[in-house]
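Our numbering applies: residue 28 is where the sequence shown begins, and numbers increase by one.
The set of hints was computed from the structure by calculation and includes no laboratory data. One should not assume that every hint holds.
[Claimed, not checked] Taking CB as the label site, the calculated pair distances span:
{"hint": "1", "residue 1": "R101", "residue 2": "G61", "range": "18 to 24 Å"}
{"hint": "2", "residue 1": "L114", "residue 2": "A77", "range": "29 to 35 Å"}
{"hint": "3", "residue 1": "R63", "residue 2": "V89", "range": "14 to 20 Å"}
Where a beta carbon is used, it is the ideal one built from N, C-alpha and C, also for glycine.
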Amino acid sequence: MPAAGAVGSGAVVVAPVALRSGSLRVSPDLPVVGARVTVLLRLPGGVVPARATLDLASPTGVHRRVTLVRVGPRAMRATTHFADDGLWTLR
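The whole structure should be built from the sequences, with the hints applied where relevant.
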């Protein structure tokens with residue numbers, strides 16, 4: 028997922044996520060601080076666990092975990108929000 032370009036006050040940018048295969052998408056593409064976002068992880072074939080965790084790293088170095096739940100044969104989803112503006116990293 029590519030990082031967005033210029034960031035205005037209150038905007039959040041999510042750093043690119045390196046996946047061996049599959050995709051990770053944050054919606055909306057350019058979240059606003061404090062607003063709810065949906066994280067969707069699509070995986071290739073194989074067994075998808077019922078739950079998994081995603082580490083969110085803020086620009087200030089604060090880490091927090093979000094639980095993804097299976098929503099389809101190859102998809103997992105979570106909702107969260109970003110508490111700080113700037114570049115976030117998802118792992």
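To see whether the hints hold, each was checked on the structure:
1. Look at R101 against G61: about 31 Å separates their beta carbons, and that is not inside 18 to 24 Å.
2. L114 and A77 have their C-beta atoms about 31 Å apart, which keeps the hinted 29 to 35 Å range intact.
3. The given range of 14 to 20 Å is respected by R63 and V89, whose C-beta atoms sit roughly 19 Å from each other.
Going down the numbered hints, you'll see the structure goes against just number 1.
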